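Participant: The residues making up each chain are set out below.
2 protein chains.
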Amino acid sequence: MSQIRRVAILAEGSFSLFGAKTAVGVLRYSRHETVAVIDSQHAGKTVGDVLPFGGGIPIVASVAEALNYKPEVLLIGIAPTGGQLPPSFRHAILMGIENGLDIWSGLHYFLSDDEELVKEAARCGVHLWDVRKPRPGLVVGSGKALSAQAYVILTIGTDCNVGKMTAALELRNALAKHGLKPAFVATGQTGILIEGDGTPLDAVPGDFMAGEVERLVMRCDAEGADVILVEGQGSILHPGFGPVTLALMLGSMPDAYILCSVPSRTTYRPDHVIPIPPVRDVIRLYEDFMAVSYKAPKVQGVALNTSELSEDEAKQTIIHYEEDLKLPVCDPIRTGVSPLVERLIPLIVAKRQQSDK
Amino acid sequence: MSQIRRVAILAEGSFSLFGAKTAVGVLRYSRHETVAVIDSQHAGKTVGDVLPFGGGIPIVASVAEALNYKPEVLLIGIAPTGGQLPPSFRHAILMGIENGLDIWSGLHYFLSDDEELVKEAARCGVHLWDVRKPRPGLVVGSGKALSAQAYVILTIGTDCNVGKMTAALELRNALAKHGLKPAFVATGQTGILIEGDGTPLDAVPGDFMAGEVERLVMRCDAEGADVILVEGQGSILHPGFGPVTLALMLGSMPDAYILCSVPSRTTYRPDHVIPIPPVRDVIRLYEDFMAVSYKAPKVQGVALNTSELSEDEAKQTIIHYEEDLKLPVCDPIRTGVSPLVERLIPLIVAKRQQSDK
Chain B
1 MSQIRRVAIL
11 AEGSFSLFGA
21 KTAVGVLRYS
31 RHETVAVIDS
41 QHAGKTVGDV
51 LPFGGGIPIV
61 ASVAEALNYK
71 PEVLLIGIAP
81 TGGQLPPSFR
91 HAILMGIENG
101 LDIWSGLHYF
111 LSDDEELVKE
121 AARCGVHLWD
131 VRKPRPGLVV
141 GSGKALSAQA
151 YVILTIGTDC
161 NVGKMTAALE
171 LRNALAKHGL
181 KPAFVATGQT
191 GILIEGDGTP
201 LDAVPGDFMA
211 GEVERLVMRC
221 DAEGADVILV
231 EGQGSILHPG
241 FGPVTLALML
251 GSMPDAYILC
261 SVPSRTTYRP
271 DHVIPIPPVR
281 DVIRLYEDFM
291 AVSYKAPKVQ
301 GVALNTSELS
311 EDEAKQTIIH
321 YEEDLKLPVC
331 DPIRTGVSPL
341 VERLIPLIVA
351 KRQQSDK
Chain S
1 MSQIRRVAIL
11 AEGSFSLFGA
21 KTAVGVLRYS
31 RHETVAVIDS
41 QHAGKTVGDV
51 LPFGGGIPIV
61 ASVAEALNYK
71 PEVLLIGIAP
81 TGGQLPPSFR
91 HAILMGIENG
101 LDIWSGLHYF
111 LSDDEELVKE
121 AARCGVHLWD
131 VRKPRPGLVV
141 GSGKALSAQA
151 YVILTIGTDC
161 NVGKMTAALE
171 LRNALAKHGL
181 KPAFVATGQT
191 GILIEGDGTP
201 LDAVPGDFMA
211 GEVERLVMRC
221 DAEGADVILV
231 EGQGSILHPG
241 FGPVTLALML
251 GSMPDAYILC
261 SVPSRTTYRP
271 DHVIPIPPVR
281 DVIRLYEDFM
291 AVSYKAPKVQ
301 GVALNTSELS
311 EDEAKQTIIH
321 YEEDLKLPVC
331 DPIRTGVSPL
341 VERLIPLIVA
351 KRQQSDK
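For the record, the sequence lines run as chains B and S.
Per this note's numbering, residue 1 is the first one in the first sequence, and the count goes up by one each step.
Per this note's numbering, residue 1 is the first one in the second sequence, and the count goes up by one each step.
In short, the hints are calculated from the structure, not lab data.
The structure displayed is predicted, hence computed values, not measured ones.
We put the beta carbon where it would ideally sit given N, CA and C, even for glycine.
Distance windows between CB atoms, simulated:
id, chain 1, residue 1, chain 2, residue 2, range
1, S, Glu322, B, Asp281, 32 to 40 angstroms
2, S, Val273, B, Asp324, 36 to 44 angstroms
3, B, Ala296, S, Arg352, 38 to 46 angstroms
4, B, Arg123, S, Arg90, 30 to 38 angstroms
5, B, Ser355, S, Glu323, 43 to 51 angstroms
6, S, Asp288, B, Thr267, 19 to 27 angstroms
Using the sequences plus the hints, can you model the full thing?
Facilitator: As structure tokens, then:
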């Protein structure tokens, strides 16, 4: 596991709970220490003034001001429209480089392909990390994760964008509080920026996706994790993202699934055309598929994103799902993951005891 | 559909039935006209002297000699070890460029990223086509192939490298002889070089694989094909290539499958570790998976690659599969695809009549 770094987050013009998904995710879950957020709109406030968490972390107007808080890393927490690098971003990044900061970027535009930035980074001895850029030397998956000694949990979904990363990270935090050694395998850009490691699965060529997941799972296993939480993507029958989901299943060879869903959603994002099948059918498909050849992972719990519902509707929905599926159900943000943790701990401990034999 | 081109195939040092898979595939199946094969080992012979087909196509010693046969395209039909471009390849390619030939390359090394070759190609007005390089502007799949009016057949497999391209191409040829208008969607480098079009699915980032297949299927549909044969890849439970297979299923939304298999094979290539499930389980999985949400494609026939068996063993194996699966079974090369064609024609015609209504 890499060391804890001091991070300044660039979120210029968009820092809010729903406006800066990456910045909010990093603030909420990162192992690294955020020392300042950069957004001139909110300069002078603290993160706690703008978000329901984050306390006294200062918000400042510029990279220059953020330097007062001695960051080691400048993390680009927003995306420009287009895909090119606007002058304001270039200026901020150069300011970071010249002051000795590593740059972590989730942009589609690769900093490490930009001659000026590469030259400056080399001159200043800092590292440019494009988290969306697959590493060189990819390999084809070969089912190695079948031999993991840790208990492997994959968060799966009825659709993309339903809370799979959040469920995995909340479970990681809760399981750590119970004295376990959890690891998190990040597979999307926000997850990677949170963890400081991972694979940008949506950008990896098809032949190598499962191999990338397998590599990360086996590394966590070798490092002595007793439970590995793998960040899911897409949904197995999603007409565009299904293959990425299958890569996660075959690459991680999970012992268990946690199913994530937005109860009010009836069609797949982003097209809103093809209907999502009933949740029971989705569960059966995920379970039966792997059981043909590999382990037989069961859905051990459900994490709902009820943010579109009222407090009362959310409560009723959770009860309804519990009764219907006979599974522990929660909203990780609204009600916490305790019901899932209770179900999972004995399973994790049982596998550890078996592996120790 | 693109026009027929005159092609010279570079196969220096490796032209034989099993030594030059791409060259042999192009000679056997391409719509384009091979005017010469370049391999100094066999110079002076004809293709028919070396392969069981190919007739009087001349084999020559060099690109310079091949020019006598007025090619328009130089097709690189062999791969160097390594991944870099050896001087002998560079010399041959430059000779082609300088004589006005387009270059079609299945190499991992991208000619279109090589400054010298790009400059020469521009000067000489020829096109460098790296078939392994995904096109720009990829999109996410959205289930559009559900609306195809043509009958869509996907060749699937119990493993990678079992004859999915061959089965699709033999079916295309046989269906055309029956007066149908078949189209072929190429998804691997040899298939693309044969067809002169397609998508290098193994190199496409995971998010866009299904979208690429969908685009090609819908283009064939718009061009008036009444049956579309999609070249399969991998196998749905293969620990590395499963995601590519699923992309083909979701991208093509098939009306039918043809299952391809090497009967003697018991573990997945290339690792020979994980066992291939019984063929009945594989068929059930492919069929049930799509039926949850989309069309309910059935396996309508089986194409075996019996090249490792004696004539008698092959015959017995085919009979055994027929009786066991109650499906038409053949070896496309050894016994021909007639049993599959007989089964498929009424299904293709029925969908056309339905679409015409």
